[in-house]
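Novice: Chains as they are written, first to last, in this note's numbering: chain A, 1 to 328; chain B, 1001 to 1404; chain C, 2001 to 2216.
None of these hints come from the bench; they were simulated from the model. One or more hints might be untrue.
Claimed, not checked - Dumping the calculated DMTMM-like pairs for lysine to aspartate or glutamate here, alpha-carbon to alpha-carbon at most 25 Å:
1. B:Lys1095 to C:Glu2100
2. B:Lys1220 to B:Glu1235
3. B:Lys1211 to B:Asp1304
4. B:Lys1172 to B:Glu1063
5. A:Lys325 to B:Glu1063
6. B:Lys1340 to A:Glu268
7. C:Lys2084 to B:Glu1094
Unchecked claim - A short list of chain C residues far from chain B (calculated; beta carbon distances all over 10 Å):
8. Met2021
9. Ser2060
10. Phe2062
11. Ser2081
12. Ala2083
13. Ile2114
14. Pro2129
15. Glu2135
16. Lys2137
17. Gly2139
18. Lys2152
19. Leu2163
20. Lys2197
21. Ser2216
Ideal Cβ placement from N, Cα and C applies to all residues, glycine included.
Residues per chain are reported as follows:
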Amino acid sequence: MAANLARLLECNIRCNNAAAVQSGWRLFSNQRQQQTEVEDDEEFRVLNLRTIKQQARRREIKKNAVQPPRTSRMPVDQDWTAVWSGPRSFHPASVPLPLRQGYTERGAAAPSKYANAELMKIPNFLHLTPPAIRQQCEAIKKFCTPWPKGLETEAKWKRPFPIEVITTDYCHSLPTIRHPEARRVTITLKLSDLKFDAHAKDKFLRLVGERYNQETGVLTFSADRCPMRKQNYDYAMYLLTACYHESFVTEPWEATKSEADMEVYQFERNQAKRSAEGILNWNATGEQKDAPSANYAKSVEALINEGENEYNIAKYKEEVLKMLKIAI
Amino acid sequence: MKMLRKQFVNLSRVSTHLPRNVLASRAASRGAEMSTNVAPAETATAPPPVINEFRTGVTNPGEQSELHVAKFYTIPIEEKKQIFSGGGLPKQYEKQIKTFTEACLMVRSPALELLHYIKNADLTKPAVRYVLYGDNGVGKTLTMAHVLHYGALNDFLLVHVPWAPNWMKRPKEAANSASQEGFIDLPFDAAAWLIHFKAQNSKLLQRLQLKTSKEYVWSKRESTPAGATLIELVEHGIARIKYASETTAALISELKQLATAGQCKIMVAIDGYNAFFHPITRIFSDNKQRVSPDRITLTQPFLDITSYDWTNGVCVLSVDKIAMTEGYMSSYMPRYLLGKEGFEHLDPFVPVHVGNYTDKEFISYINYYLDRHWISKTQPGFEEQLKFLSNMNPYTLMRLVRGL
Amino acid sequence: MGFVPYTTLSSLRTLKCCRLMSMYPPHFAEPILKKDSEIINKKDVSHVPIKAAPNDLSDSIFYGVLKNKLLKYITKKGNGSLAKQLLTDTLETIKRTQIERLNLINAEKENVIIDTERILVNAIENSRPLLQLSEIKRGGVKYQVPIPLTEKKSYFLAMKWLLDAAREKDRKVHLPDKLAWEILDAAHGQGRVIKKKDDLHRQCESNRAYAHYRWS
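Please work from the sequences and hints to get the whole structure.
Specialist: If you want it as structure tokens, here you go:
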């Protein structure tokens, strides 16, 4: 009875031990020491009716030893374009710069370049170093023609080529290489490059409307109604040509333009001239009539066209005094 | 007028209220000791005004020259009464004249410039129009008053409208015109103007004995025969208020003819002239619509006399921002204020700019105020403060100084 | 006419420092009005904390302590600009009447004060009451007990009486005109405000027997 009891107890203790070993195995999978301890206990074998399946041992993953970063082996005078030949996201081991980037708490240094997502996220221009560009320019030089002589400065080439054509090419990652905005064509030129008479200029400006910038004197035609760039360019040039030639056509109804339709005040057409002549020729009997001076006409036109300011009004006063022969 | 009368009533009330305090003030000996250091100059209140460095004895504007710039000259009381009894000086200035017991005007360069032009003008040529312009409160009206004084002394017949916008903005009464269809008469204003004209020119009219050139028929029974004197014409207009507007028109056309014939010379002075070219007035017609100024019968004669088709005359006009209404007041320049129509009507005119005080004028004015006991706070540097606060604008200075 | 020099007026401003609930500790100095005041040694002031200047305090010629005080009493519904206009009009009217009087009389021109601020001070000093009647209940009976006034309160009452007298007017009379007359009257020791003050003093005098109720 007592022996039975003792065996039972022993069995319990063993079971407990085995449980402890098992849990130990799971928890600390790479400690082999304990494993051997279990094997050493084999001499106290107990009856094991249901054999516990031997658990499959985990395969050990063999890792190569981490190489030291490539930067440590780089010579000072290496060819950088060979290291970083194209656009590529940042790689810490290839860039021999002590970069730091990122946010830390106050006072701490910014994270280093290793495993630094902040550095990888941002685009870099390490492939566009000046020597790389120089190298590439050198490479494509054989495909270029020399710059025409006599067109060295902007002022020089603006004269034979007054029209500036502005288009945009887009480089992007889509299945199609076409970009809808690439068809847009804008042509600009100075109004002073076109030759007009007074009527044509007025009419041209009215036709052109807000395509003309009053302050800079630049005409801008922009076309995007056709699907192809070539078509748009042709259309813009057509617009320019058509407006220019149409402006020289005088329609019969243009003769009915009244004073209210005038865009600028003209002394010749206005009451100012009649009043001035009336005063100058007061009581005049002879055939010849005094006409108001050109300076006076100019001052009145300036006063009304440019708006009133101290200068214009002083000028006007001076001219009036001169014309009316009032003592100055 | 009404406002002015009310002011007089108030002031007279104040002055009747005062004499009983005189004794008390005499009793107040301590207070009296304190008041001696109030103003530096003491002797200027005696009837013959003392010539200080800021005053000039040359009371004839025709004789004033550059030497007298920034100096004050006194308009004699009778002349002031003759010229300005019906208006012509700003209300505040009238008040100041009453308080200071003398009508003093400062000789300023715009007025001198105008006088120079007028004196040297060839009167056989068409009438020259001078347009005074400037910001609010710079003294356009007082410049005009100065010129008017000259005109009154030099035998000009004065055709003076003290403030034209009054007709458009607050007429006494508006009635449909009997003679012109669709036009509006301002009988009371016209009569008031005739009274003003008579007051200014009665002496000269009597001396010149100007006659009407044609017969004016007012109604079946009333008419003014050709050859009647202008005084009769004016008096008819005053007596028969109904026909005052037409009388004004007749009078002005007569004056124009007489001047062109060389029988008299005329000085036209219209303050707030741009009111004639304002798009609308505050007068309503029969169909409850605002009338434009050219539908008022008074407008036509005054536009007529400011055109260039007559001689022996001079027109001094002023354009003013406050003659306009809200929305038309963004600039004080003559072309803007006159508008297209007004500019075409006046062109070619001589613009004369009236500006703020110069340093010299400012100091002179401060001295004048001190002399008249008007400024009693004379801490060191008070002129500087006033100069900066007022920007040397005459009206602003006047308003600032009143509480000191 | 009791003329009191400006020094008493300065107490109007310094009274503030005795306030119990002041936001400033007592060692804070008052701000100095004049830029180049020679009274104050700059070294003394350099390490003393100074109270923030009130925003209506100014160095200009238009500023007066008493004027400012009166301005605030005239103000209705916070419309300070109107009050300023009214007070300026008042002072203008006073000045006009005084100058017109100066021009009227021939002799003793020195007796006419033209400085409006001095007239205002005189008027207020003349109409300041010394005592006030206060209702105190003793043994079921209410007694009108004369009580001395603080300086501040007396200034307040003087200005309030002047204003009340000015506001009691015909609709057609403008406040500046009426106020100007009241101030001129008071400055010369007559008028309704002075009468009111005298009446109050007389009543206090007749109730002097009750004076002990103030503390018993």
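Novice: The structure should be examined with respect to each hint, and the outcome stated for every one.
Specialist: Against the structure, the hints:
| no. | hint | verdict |
| --- | --- | --- |
| 1 | B:Lys1095 to C:Glu2100 | 11 Å, holds |
| 2 | B:Lys1220 to B:Glu1235 | 19 Å, holds |
| 3 | B:Lys1211 to B:Asp1304 | 20 Å, holds |
| 4 | B:Lys1172 to B:Glu1063 | 40 Å, violated |
| 5 | A:Lys325 to B:Glu1063 | 22 Å, holds |
| 6 | B:Lys1340 to A:Glu268 | 16 Å, holds |
| 7 | C:Lys2084 to B:Glu1094 | 24 Å, holds |
| 8 | Met2021 | 35 Å, holds |
| 9 | Ser2060 | 6 Å, violated |
| 10 | Phe2062 | 7 Å, violated |
| 11 | Ser2081 | 14 Å, holds |
| 12 | Ala2083 | 13 Å, holds |
| 13 | Ile2114 | 5 Å, violated |
| 14 | Pro2129 | 20 Å, holds |
| 15 | Glu2135 | 35 Å, holds |
| 16 | Lys2137 | 42 Å, holds |
| 17 | Gly2139 | 46 Å, holds |
| 18 | Lys2152 | 24 Å, holds |
| 19 | Leu2163 | 18 Å, holds |
| 20 | Lys2197 | 16 Å, holds |
| 21 | Ser2216 | 40 Å, holds |
Hint compliance for this structure: hints 4, 9, 10 and 13 are not met, and every other hint is.
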